[in-house]
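Novice: Read in the numbering used here, the sequence shown has 60 at position 60, and its numbers run on one by one without any break.
Hints listed in this document are in silico derivations from the structure and should not be mistaken for laboratory results.
All residues carry an ideal CB built from backbone N, CA and C; glycine is no exception.
Be aware that one or more of the hints could be misleading.
The calculated label-pair distances, taken between Cβ atoms and stated as ranges, are [claimed, not checked]:
hint, residue 1, residue 2, range
1, G32, P59, 30 to 38 Å
2, L55, P4, 26 to 34 Å
3, P59, D10, 52 to 60 Å
4, L56, K29, 19 to 27 Å
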Amino acid sequence: MVQPLIARDDDGADVCGPCVGFAADYTCKQCGRTGNPHSRGRCAHCVLAERVNALLAGPDGTITSQLEPLAAVLADAP
1 MVQPLIARDD DGADVCGPCV GFAADYTCKQ CGRTGNPHSR GRCAHCVLAE RVNALLAGPD
61 GTITSQLEPL AAVLADAP
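Construct the complete structure from the given sequences, taking the supplied hints into account.
Specialist: Below, the structure is given as structure tokens:
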């Protein structure tokens with residue numbers, strides 16, 4: 001499992017949370033990626049995709065085919 005490095009040891013080496021006694025779960029509740037949770041236990045990538053969809057979707061909740069390439073580029077932004 002991959003854990004974010006949140007501390008440094010006495011020698012200056014990076015240390016993960018569980019190794020310093022901080023056993024937080026950094027797994028995204030939506031996609032399963034590990035990393036720093038962004039909102040409601042979800043990663044920034046999932047939150048961004050949700051927001052892009054909310055901004056570009058029409059009244060029926062879908063994104064028109066003309067806007068799908070834009071939505072894909074925005075949702076994949078780092």
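Novice: Indicate, hint by hint, whether the structure satisfies it.
Specialist: Hint check results:
A hinted range of 30 to 38 Å holds for the C-beta pair G32 and P59, which are about 31 Å apart. Evaluation of the 26 to 34 Å hint for L55 and P4 yields a pass: the beta carbon distance comes to about 29 Å. Between P59 and D10, the C-beta spacing of about 59 Å keeps the proposed range 52 to 60 Å intact. For L56 and K29, the Cβ-Cβ distance of about 24 Å falls inside the hinted range of 19 to 27 Å, so the restraint holds.
Violated hints for the displayed structure: none, as all numbered hints are satisfied.
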